[in-house]
Amino acid sequence: MTEEIIIAGFGGQGVLSMGQILCYSGVMENKEVSWMPSYGPEMRGGTANCMAIISDTKISSPIINKFDTVIALNQPSLDKFEQAVKPGGLLIYEASTIVNPPTRNDIEILAIEASNEAAKLKNSKVMNMIILGAFLKKKPIIELDNIIEGIKKVLPERYHHLIPLNKEALQKGMELAEMVKA
Amino acid sequence: MTEEIIIAGFGGQGVLSMGQILCYSGVMENKEVSWMPSYGPEMRGGTANCMAIISDTKISSPIINKFDTVIALNQPSLDKFEQAVKPGGLLIYEASTIVNPPTRNDIEILAIEASNEAAKLKNSKVMNMIILGAFLKKKPIIELDNIIEGIKKVLPERYHHLIPLNKEALQKGMELAEMVKA
Amino acid sequence: MSETKLMKGNEALAEAAILAGCDAYFGYPITPQSEVLEYLANYAHRTGMVVLQAESEVAAINMVYGAAGTGKQIMTSSSSPGMSLMQEGISYIACAELPCLLVNVVRGGPGLGTIQPSQGDYFQSVKGGGHGDYKLIVLAPSTVQEMVDFVREGFALAFKYKNPVLILTDGALGQMMEKVDLFPQMERKTVFEDWATVGKPKTRERNVITSLNIKADEMEKINIHLQAKYKVIEENEIRYEEYMCDDAEILLVGFGLVARICKKAAQLAREKGIKVGVFRPISLFPFPTAKINELAGKVKGIMDVEMNAGQMVEDVRLAVNGKIPVEFHGRMGGVVPSPEEILQKLEEKFVGEIA
Amino acid sequence: MSETKLMKGNEALAEAAILAGCDAYFGYPITPQSEVLEYLANYAHRTGMVVLQAESEVAAINMVYGAAGTGKQIMTSSSSPGMSLMQEGISYIACAELPCLLVNVVRGGPGLGTIQPSQGDYFQSVKGGGHGDYKLIVLAPSTVQEMVDFVREGFALAFKYKNPVLILTDGALGQMMEKVDLFPQMERKTVFEDWATVGKPKTRERNVITSLNIKADEMEKINIHLQAKYKVIEENEIRYEEYMCDDAEILLVGFGLVARICKKAAQLAREKGIKVGVFRPISLFPFPTAKINELAGKVKGIMDVEMNAGQMVEDVRLAVNGKIPVEFHGRMGGVVPSPEEILQKLEEKFVGEIA
Amino acid sequence: MAKVKGDIVIDIEKCKGCELCIAACPQDSLELSRKLNTKGYQYMVRIEDNCTGCTNCALVCPEGIIKVYRQTTKKKEPVATISNLTGDITVTVNS
Amino acid sequence: MAKVKGDIVIDIEKCKGCELCIAACPQDSLELSRKLNTKGYQYMVRIEDNCTGCTNCALVCPEGIIKVYRQTTKKKEPVATISNLTGDITVTVNS
Amino acid sequence: MSEKTLVNEEQHFEDMIAEESICTTENLVYEKPDTLLDTPMHYCPGCGHGVAHRLIAEVISELGIQEETIGVAPVGCSVFAYNYLNIDMSEAAHGRASAVATAIKRVLPEKYVFSYQGDGDLAAIGTGETIHTCNRGENLLIIFINNGIYGMTGGQMAPTTLPGMKSTTSPFGRDVSTMGSPLKITELIAQLPGVYYCTRTAVNSPANVRRAKKAIQKGFEYQKLKKGLSFVEIVSNCPSNWKMTPLEANKWMEEQMFAFYPLGDLKVPNDKEK
Amino acid sequence: MSEKTLVNEEQHFEDMIAEESICTTENLVYEKPDTLLDTPMHYCPGCGHGVAHRLIAEVISELGIQEETIGVAPVGCSVFAYNYLNIDMSEAAHGRASAVATAIKRVLPEKYVFSYQGDGDLAAIGTGETIHTCNRGENLLIIFINNGIYGMTGGQMAPTTLPGMKSTTSPFGRDVSTMGSPLKITELIAQLPGVYYCTRTAVNSPANVRRAKKAIQKGFEYQKLKKGLSFVEIVSNCPSNWKMTPLEANKWMEEQMFAFYPLGDLKVPNDKEK
Ligand SMILES: Cc1ncc(C[n+]2csc(CCOP(=O)(O)OP(=O)(O)O)c2C)c(N)n1
Ligand SMILES: Cc1ncc(C[n+]2csc(CCOP(=O)(O)OP(=O)(O)O)c2C)c(N)n1
Ligand code: SF4
Ligand code: SF4
Ligand code: SF4
Ligand code: SF4
Ligand code: SF4
Ligand code: SF4
Ligand SMILES: [Mg+2]
Ligand SMILES: [Mg+2]
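Protein chains in written order, with numbering that gives the first Met the number 0: chain A, 0 to 181; chain B, 0 to 181; chain C, 0 to 354; chain D, 0 to 354; chain E, 0 to 94; chain F, 0 to 94; chain G, 0 to 273; chain H, 0 to 273.
The hints are simulated quantities; they were obtained by calculation from the structure and are not laboratory data.
Watch out, some of these pointers could steer you wrong.
[As the list claims (entries may be wrong)] Cross-link-like lysine to any residue pairs, in silico, SDA-like; alpha carbons within 20 Å at most:
id : chain 1 : residue 1 : chain 2 : residue 2
1  : F       : LYS38     : B       : ASP78
2  : C       : LYS4      : A       : GLY11
3  : H       : LYS165    : D       : ASN41
4  : A       : LYS121    : E       : LEU35
5  : D       : LYS4      : B       : ASP78
6  : A       : LYS65     : C       : LYS344
7  : E       : LYS13     : G       : PRO44
8  : A       : LYS65     : C       : LYS214
9  : D       : LYS322    : C       : LYS214
10 : C       : LYS220    : D       : GLY309
11 : F       : LYS13     : H       : LYS250
12 : E       : LYS38     : G       : LYS250
13 : E       : LYS4      : G       : THR23
14 : E       : LYS34     : E       : ILE21
15 : C       : LYS322    : D       : GLY321
16 : B       : LYS57     : D       : LEU267
17 : G       : LYS250    : E       : ALA22
18 : A       : LYS119    : E       : ARG33
19 : B       : LYS85     : D       : LYS4
20 : F       : LYS38     : H       : CYS22
21 : D       : LYS214    : G       : HIS41
22 : C       : LYS214    : B       : ASP78
23 : F       : LYS4      : H       : CYS22
24 : E       : LYS13     : A       : GLY11
25 : D       : LYS4      : B       : ILE147
26 : H       : LYS165    : H       : LYS250
27 : C       : LYS322    : D       : LYS4
28 : C       : LYS230    : D       : LYS322
29 : C       : LYS230    : C       : LYS344
30 : C       : LYS4      : A       : GLU156
31 : A       : LYS85     : C       : GLU339
Let the hints inform the model, and build the full structure from the sequences given.
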């Protein structure tokens, strides 16, 4: 198994930590992982993205330009990376703010209204976890328990009381993925 | 004609200006010239030397290690450069301070008591001009008049009243060379 | 007993410095390597290692010079513009034969450039960006694991040869996270080197750290000594990696991150039936000249890939010495080539050669 | 109408700067080139040229950057350690495409080294001692006359290509006196370049001098543009000198002062009946690669001679590309090789080849 | 003090919602929007009609995006050209 | 003030004839030699026998080559070993 | 955001249009100057750099010297100042802005030249250039944005970081015993004879903004009169790296920074030899 | 040389031998310290560097810290200080001696560390390092030899060159309007909180030599007490480049240099916050 993912959105949407959580969780399952942020000035206010690779075998290039899964959390990211999904791959996007939805038909597309759902959970910050849940539903490459362990690694100690909420969000995402699929 | 010379002595003995005078004078006679000082920390108090080349044809290397003429104004310089005279070449040295005179017999050697003679002229600074005179006697490569012109170039304006004295010293040197030769 | 962690390249490198028993780090912030200083500021107290944010890179490298003169394990890190400012100091360190570890997390140049990854400082690192004839031992990691390993190895080489060692990496390796096995905590230096300026006991002559010798012939002797040392390093310390080279018809050559992308390109090529191998120089000085020359006898052509306008390719060509064509593909200014693009260029350049 | 004078290399170069209409000089004292600043401090008032002793070489090169941005004729000079400190600034200048004239009167390195002549900074000058991919146009004079001529020529090239030009010379050429023909006084710059930062009139967009482009793909475009420019320079600006190359069986290759010593060695060789020619690259970048390659087809071997541990020899070897053996003889740390010694080495290295 | 009538126009698309203008307004005329602009920021809106045109908000605004108007006592000139006026309004309302 | 008996010994081979000691000597005991040492410098000599051992000359000497002696009132110890004494004298006179 | 006063803003604007608008050219009492371009600035919300830029632009516009002014941007968050100011500008290497400005002024002595520098730039890596530019009394203006931190690189300690203040490189707070006290470089500079005018301002409040503008204006005016060097420090904020909201940042600045860096003139023409 | 008092010196010495010599070990009241090696110094006749070296050696010998002291020599005429001082020493790149000293002290906090620097070194190219080393209050001693000129490179203008003073790069005299006023860096440094002790001395007269030695001694003692940075300026001469005899040079120094650089303490422990 090798899963090559890019996650893109605004800075502050939790783009980088989503990738990190996947990688930390991957490590717990003894997988090979690599996480590559687009660092730099865009991080300030602008857009941010990271590539994550989770694999059973050694990872050669940590930088790639075609992905098994693209996760886009805003319109610019969606515009930029829609074409980067490998044929037959998966595209997940946060749908609440999208005006121009994707158009490809050779890939699987999942539109998740994660912001709205997060609002329902009374914490807009868990939007990314909802999306992550949706992803994991589609690509169950890592055990949910290990994802929780990964969250513990990425979340500073003082926020660990929010882990149940994050778990809830993940599950919500999984549900939504189920529904969209249907 | 190509004359390759090295002049060596203590800093302050007028070593560098002797070479410069030869070169300036050479320029007046439309000769090719090059003057290369040993610059650097030795200049302070220690020893100094310069290589001068005067030639009718274009000068290739301004740095050489065998010379037609070596002029040594103190013991260390004599010790260092005696072997650098080409066979059949000329070695002139200031004899007043020399304890170990040169020993080669495949070259012409001129010992000039220039310091003592300079003292007689009541200006120890013209010691170098006496030596230069001796050299010019042996190797009349440049007209005396042009040497005087050369001195004018090298000597700061405010010392130009000393030119007659220098001329006298040059002539003294020529005389001495004559005598030694005899 | 080693520990597996998921770490950012820069942080892993900093952690490795602590574990290697590094005695002091002097540095100045610059993207994309500021995490090194930041990590050390947070964790170096574990060993009591000195961490000092200098007022500039010029100060930092001269602090390295001073501290390295005491015979301790000293390091600094910077990125391209900062490294340029260090060139005078590096020349001094190399000439004074001080062991120390330098890290350049290269970004796109020239000038202020970008903060994206690049390999544009190969020449500076390998040929000597500072004045005079000197060599750094240059190691180019291609994984976060090597960012860790080369710290320990770098210090060992630095002391073995009394020579500065440079880890030449790039912004991507500095910023990316991978799994790393950390080595156990090593002791900090407690024994003084006999050449070090630590205070002169009665039992020995005073030690002097200097790079000055005002007499040309003596300065030449110093140079001859240095060149002789570099020869020994060339004989003993060449490091490289071969990947599917055995049956390769075409060789990709690249260092650092690029080598990994080349591997992926080679995989893609093999999927298409093109026998491509990858040769990765790990030590850039000493350069694996002989090995490349040997491989040049076995393959039809070489494509060297770098994130610059073509720098290491000169050393590859010098090694190949005209035997076979050496092509070059480079991306500049912070752009990272993709595996697909490398394969495509390879096909273009060796259109005749490829079955 | 030109004037013949006997002048020290450094002073002749400074005089040439005044005559060329140079607008400003910024520099910091260092042996063996301090005479440049000193001469200018004495005589620059003739044209009103700005002469400023900076607080350091780092300040000086950044002053050059600032002043060059106004489109005027700006220069600096230094010697090896000082040039190392300028590397960051030079990389900025090259990237911002500012015309200016740099002079390195090389001394023996590395480190503080000696103040005697050397060619140890060839790599730094030609490969780029600063970070990133950039090129200086590098001219290597071998006479005091060329110290004069290359100032004028250097400014012309700098403006033609919007590129810094480096005169790479050495302490001996700086300190020695030779006859020079000076050219007549040229006008100082009065017309503003359209890209210069001189105050934005309403009639144009503002001008910005920068080397920053935070987007990697845009920074790559800047690099592609620079590389294309360097190609054009390579096509148009190669300079070299041949000396008795026509019937030569062995070639001595050397630049600057060394080429003159090689000529004398060639004379000595011919006296012994050995047909030796001398090839002198004048422009070190662009390097006369094609010409050397051509000559390599005609001679049995090449001995490259440098006052360093072997730097330009790499470019010679790249040019020869394995055709014939390329030997090297170098002296280091401020020692100047003698003609006799060169001849002897040549005989040793080509013992079989020489009739 | 006679009440002066003032007003402001801001370029909300460039507003970053820093709230410095809000803190600087002596009239408490300003607040943040609930909606986000396309850059993802809440932006500043005038919520009270008591602006005196004191310019405080504009002075402290880091983005330089506040225009301040104050009604002068002298007889009004004909208003600016329609195109200008529309321009302003368009920006204010929609962007 | 009781006149104190002093003396100095200098390493003339290292003297550079700067004359700073001469200027510093309150007793005018010092002068430059007419001869040169092997480095080419005139060197300092004590010309008057009125030295008080005040150390002024030694304090200002840039070369650190002046040893100063002052006769103590207490009974003399046997003089230093002959070899030492000779050594000093040799240095003073010939070098 | 206080919910009670928040009205639906679209409705609100519609109401406004309905009213007779006073927003006419003749009523315009404040707008950004022409010299400030419309390009949106890349600064974080609430960052003082924006205000400082605008003030420079205002002064240049008001003095009518846009065509004769050359600015020098540093390496720091304000590296892109040339994207916002509609004048000829040169970007300078980190710390060297004052050397760059010196050279420009020397070759173009009739033009107005200023450098704009952060505290890392001016008081750490650029200390030598700063001191010597000031000491030579170069006839130019240095604007010094002191936000007590390295903004651009993500919040490392600056020479001006306050004692005990946390930064990414002083994670346990600045320890003056190992990291030194904050460097009051402006106090040092004020003593150099080449410096004609030296003042410390801020842009946190309307009153301070006005004073800062006045100071910048003087800097340009003295330059015209060839008086030598003017040095205007602006104590500023860095909400992002201080990890505060802009309002918290300004409050902290007023309480902490102003205590250490008191606002006011350090050297004024009448008091030159102070 | 006054002919009248000059006696034949060889005769004179022979006379001395004839007399009973008082030059015995027990009568020895002054000789150069052991820490100063016998190597002849390369300095020009009358140069102040020699005295300064000797004083450092005396203090080190007297405090008995030869085994624990590490010196840092600069680039400048005193680059060879390590040839004369019998202690472990590091030569530093031009201007960076205080950075080098900082690092040595940081890794060997129990040792004594000093840097020895000229005015070009410390106050021109090394300004940044000087200010920051002092500001951090590094626990070491900086000895600053101010001779108003670049000695080693042949007499170029230094930051400390006096107004109107000629040098090879100010051949018409230092023009303060273009070259700035002499930089009183010691006055600046005295104000930094990290600096514990700051004084200006000279070595032109026996009394000043004694004072200078005392100052150097304090510098080492405060270091032992971990008080922070001590800064000892020694106003010195450069007969060669001033183009004067040593005596003329010292006279000129007393008249001109001391007027601009008045001797005395700038900061002493009791007056720390001055
Ligand atoms: C030679 C060099 N060193 C380091 C850097 C990295 N760097 C960029 S900006 C900066 C500091 C910025 O801080 P400051 O000057 O205070 O400006 P601010 O961003 O706070 O406005 C640093 C260290 C660089 N670009 N060049
Ligand atoms: C980077 C660098 N720049 C310049 C020099 C040349 N240089 C050597 S010493 C010196 C100045 C010496 O003056 P100062 O520090 O006052 O010491 P002094 O000789 O007067 O005692 C200079 C400019 C150098 N060696 N290295
Ligand atoms: S102009 Fe004054 S009153 Fe009007 S909104 Fe702005 S700050 Fe408030
Ligand atoms: S000050 Fe400016 S940017 Fe900040 S909220 Fe107000 S209008 Fe928006
Ligand atoms: S010790 Fe005093 S009295 Fe004796 S020679 Fe020296 S200075 Fe003169
Ligand atoms: S002070 Fe010293 S060097 Fe100078 S003359 Fe006296 S003994 Fe000689
Ligand atoms: S990082 Fe700080 S200084 Fe930079 S733009 Fe953001 S708030 Fe301003
Ligand atoms: S040049 Fe000046 S400072 Fe240097 S040794 Fe000579 S007198 Fe002393
Ligand atoms: Mg800052
Ligand atoms: Mg000096």
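20 Å Cα cutoff - pair LYS165 of chain H, ASN41 of chain D: Judged against 20 Å, a Cα distance of about 11 Å means the pair holds.
Given pair status - LYS250 of chain H, LYS13 of chain F, alpha carbons within 20 Å: Cα-Cα ~24 Å, so violated.
Proposed proximity, GLU339 of chain C with LYS85 of chain A (alpha carbon, max 20 Å): holds, 13 Å
Hint consistency between LYS250 of chain G and ALA22 of chain E [alpha-carbon to alpha-carbon, up to 20 Å]: holds, 11 Å
Pairwise hint evaluation, LYS214 of chain C against LYS322 of chain D, where the allowed Cα distance is 20 Å at most: The hint is violated at about 39 Å.
Satisfaction of hint between ASP78 of chain B and LYS38 of chain F, Cα-Cα up to 20 Å: At roughly 16 Å apart (the allowed maximum being 20 Å), ASP78 of chain B and LYS38 of chain F satisfy the hint.
Satisfaction of hint between LYS4 of chain D and LYS85 of chain B, Cα-Cα up to 20 Å: violated, 30 Å
LYS65 of chain A paired with LYS344 of chain C [C-alpha distance capped at 20 Å]: Status holds; Cα separation ~18 Å.
Pair hint outcome, LYS220 of chain C versus GLY309 of chain D [Cα-Cα no greater than 20 Å]: At roughly 16 Å apart (the allowed maximum being 20 Å), GLY309 of chain D and LYS220 of chain C satisfy the hint.
Distance restraint between LYS4 of chain C and GLY11 of chain A, which requires alpha-carbon spacing of 20 Å or less: Since the Cα atoms of LYS4 of chain C and GLY11 of chain A sit roughly 25 Å apart, the hinted pair is violated (cutoff 20 Å).
Pairwise hint evaluation, LYS4 of chain D against LYS322 of chain C, where the allowed Cα distance is 20 Å at most: Roughly 52 Å between the alpha carbons, so the hint for LYS322 of chain C and LYS4 of chain D is violated.
20 Å limit on alpha-carbon distance, applied to hinted pair LYS13 of chain E and GLY11 of chain A: holds, 19 Å
Hint check: violations occur at hints 2, 5, 8, 9, 11, 12, 19, 20, 27, 28 and 29; the rest are consistent with the structure.
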